[in-house]
Amino acid sequence: MPRKVRELIRDLERAGFVNRGGKGSHRNFIHPKVIKPITVSGKEGADALHYQERSVRLGLEEVKKNEPR
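Take 2 as the starting number for the sequence shown in this note's numbering and just add one per residue.
Treat the hints with care, since some could be wrong.
[Said to hold, decoys possible] Result set (SDA-like, lysine to any residue): computed pairs, CA atoms no more than 20 Å apart in a straight line:
| # | residue 1 | residue 2 |
| --- | --- | --- |
| 1 | K66 | R55 |
| 2 | K37 | R15 |
| 3 | K37 | V19 |
| 4 | K44 | E8 |
| 5 | K65 | I10 |
| 6 | K37 | L61 |
| 7 | K34 | E68 |
Simulated from the structure, these hints should not be mistaken for lab results. Note that the structure is predicted; figures quoted are calculated from it, not measured.
The whole structure should be built from the sequences, with the hints applied where relevant.
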């Protein structure tokens with residue numbers, strides 16, 4: 002069962018991403034340690050699509066990879 006869009010947003014915000022806004026149902030999340038912004042679209046209660054889940058997962062991995070040890 003796919004996760005909800007609100008769960009992806011929650012994971013991004015917990016990792017330090019900031020919503021810089023967007024157009025319509027699109028939200029662009031930025032983080033100082035991640036090169037490209039991560040875009041999440043759709044209503045918060047909608048099922049997340051596979052490419053959205055992958056984008057969020059890769060962004061979270063990039064944050065962990067760039068953390069000081």
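Going through the hints against the structure:
1. K66 x R55: Status holds; Cα separation ~16 Å.
2. K37 x R15: 18 Å, holds
3. K37 x V19: Given pair K37, V19 holds - Cα atoms ~13 Å apart, limit 20 Å.
4. K44 x E8: 12 Å, holds
5. K65 x I10: OK: K65 and I10 at ~17 Å, within 20 Å.
6. K37 x L61: Since the Cα atoms of K37 and L61 sit roughly 12 Å apart, the hinted pair holds (cutoff 20 Å).
7. K34 x E68: 8 Å, holds
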